[in-house]
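Chain order of the listed sequences is A and B. First residue of the first sequence: 1, per this note's numbering; consecutive thereafter. First residue of the second sequence: 1, per this note's numbering; consecutive thereafter.
Just so you know, the hints here were simulated from the structure itself, not pulled from any lab data. Each statement offered as a hint is correct.
It does not matter which identical chain is meant; a pair holds if it fits inside one copy or across any two.
25 Å max Cα-Cα, derived SDA-like pairs, lysine to any residue:
(1) Lys45 with Gly61
(2) Lys152 with Asp180
(3) Lys45 with Arg56
(4) Lys65 with Ala49
Protein chains: 2
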Amino acid sequence: MTGIATRADAERLDAGDPLGRFKDAFDLPDGVIYLDGNSLGPLPKATPARLEEVARREWGGDLIKSWDKHGWMDYANRLGDKIAGLIGAGDGEVVVADSTSVNLYKVLSAALRMRPGRTKIVSEIGNFPTDLYIAQGLTGADSGRELLMAEKAGIVPAIDGDTAVVSLTQVDYRTGEMHDMAAMTEAAHAAGAIMVWDLSHSAGAVPVGLNAANADMAVGCGYKYLNGGPGAPAFLFVAERHQNSFEQPLSGWIGHARPFDFLPDYEPADGVSRYLCGTPGIIAMAALEVGVDLMAEADMSAIRRKSIRLSELFIERVEATCGEYGLELISPRSPEIRGSQAGFTHSNGYPVMQALIERGVIGDFRAPDILRFGFTPLYLGFADVWDAVEILRDVLASGVWTGEKYSRRGMVT
Amino acid sequence: MTGIATRADAERLDAGDPLGRFKDAFDLPDGVIYLDGNSLGPLPKATPARLEEVARREWGGDLIKSWDKHGWMDYANRLGDKIAGLIGAGDGEVVVADSTSVNLYKVLSAALRMRPGRTKIVSEIGNFPTDLYIAQGLTGADSGRELLMAEKAGIVPAIDGDTAVVSLTQVDYRTGEMHDMAAMTEAAHAAGAIMVWDLSHSAGAVPVGLNAANADMAVGCGYKYLNGGPGAPAFLFVAERHQNSFEQPLSGWIGHARPFDFLPDYEPADGVSRYLCGTPGIIAMAALEVGVDLMAEADMSAIRRKSIRLSELFIERVEATCGEYGLELISPRSPEIRGSQAGFTHSNGYPVMQALIERGVIGDFRAPDILRFGFTPLYLGFADVWDAVEILRDVLASGVWTGEKYSRRGMVT
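Bound conformation, chain A alone (with noise of 0.2 Å):
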């Protein structure tokens, strides 16, 4: 129980909250409120005029002297040990690059070269698609290699000396049930076996500690909950003591010792950097800084603690209020194994969703029946959560969604 009564209760609650200040760093439009932040972050208001200064006085003002003057050689790095900060990773283990799927492509690609001989990747049959496709890539039928997608229970019993690496999403993308990062990583270990971290619906939603987990490699999202914008590039964990043992086949000039030698043979760069591999993405980098400094400045504590106070309220007035109409809970009832998100199956749950969306309250459907909804405590508020109910509430008795215009599928990241 929240103890969250009245609309006055809430409004009292954002009254006194710490975090509420956040809220006007973030350009959200009037009527709105959105509980995608687990899909698409909001645009940082600082993050236009740091899109023009990247633009108009770092590129159009110094032009190619802009990769020494503006440090874009290293930005890569530097943004990476911003972000290292939010994961319980250190300097120097994180990097920030390409898409969260060619991360894992170079993440796996190296945990099975560190492991020779062993042939199996152990992974979950819910994990998001692109993590299983992405080892599918890597275990063909000629490959002499398989993945193994076991139901959440199924994990741990399918790990075994034949394991070379156990790839999981932390927070699932649909229940936002979680792991527990340190146990499966213990048992990753215990079989010989690299833990690979997902951490796409973790990172800026929930307190991570890789290394107080003893992980191995990991990756994220940058347009989610780092609020970064619509493709940001995304980020690479790989623990200190992994650093100049890895391989990875993604082996590109920048990934190189020395790539301004302009030598013939490649040559791993010391570190996280050989994870690198083309030309940095200097512009979307800028607009994923906003939102990863915007996040370093909250504490990872008080957004944990209003997250979940945010996900209660939301599904305890859900379960008072709309009871009679078929949705179901699919998320785990305890916080402390759910991530910064909720969700409903309903049997109508496009158009359901549709008419929410019509409404000003933007969450979003994921096939085949789920309802989901994101809680991102540096923009969303207690009042905010009850009016997003009352709004569901009024969708599902009016019964509006039934109608012909919320019957065709669109396409809803």
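Model the placement of chain B on the given structure of chain A, informed by the hints.
Same frame as chain A, but now just chain B:
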């Protein structure tokens, strides 16, 4: 002989230049003669406003709905079609994604799979290093494959029945020497090999006829002659005849036939879209599109005519006025086989280039001893080239570059 004997001649040519109007579309700093657009193209004046629009109106204003509303989902294809028009490809044959290095990995992987049983990648010893490094990533010790790096004259003789793929950069990054795309492609095909072209120094610089040459696959860079911004997304071409017969291992969710069904098994999309991998970088693509649109407005044969005349003037003036200072042309004398750049060796190439840059003439240095100058007809005039050579001669004559301040090796990309 260019027939340009005085600066007044050069000014007259500028006054009558049909491409002259494009100079005003770029934001070039005062006092700079920019001969490095072959490394990083300058800022189009329209780019900051487009960045503001994609950030504020699209991302900020429409949030997650932008994937549909602003066409973000197929941005990579739409922009690819625009680039196709610049490189002699058709609609649906080009897509924008990732970096040149990552795209090379995809096309080389695909080509190797299309020629099972063949073990050899043939490339050129002087190819751009990342092209070689990526090929090395696919031909490591335990791969059962090898990378054969030949001198230019040895490439065709090296292609045999064991060659899966021939991978070349059309325009040499140091000398500007161009391969005969049609003849080389024919030689590869005669041996049953797949031909992969890197167009990083071709796209927007010289007319490219991928389909006229019967090319199989190609990649290229967005931040050089296409003026897409530092680390802009790269592009990738696959001939229509191959489009449903190739596979590549970077099988991320955006290359899936139905990404939003969130299916556990990868199924490649039809056509060139199966080369997509992670979530597309929208902000970076928006910047690239401005540069591509500008290039598409200009006539490529007019660009080529002017590019040749600018390069001829530069070489002619250097040889007429700087002859005694030890500069050695390493670019082909015949403009027909020279891209839009010229290279000279000099025993003190690095400090000479630093001194030149300090005087406002921005070219670049390429190890071990090359001064490289790019000629970009959209924003460079004949008088600019005339003045650049005058300044080069002054620098060489004054010996200013022998001072201590120019002796340290920095990073010039």
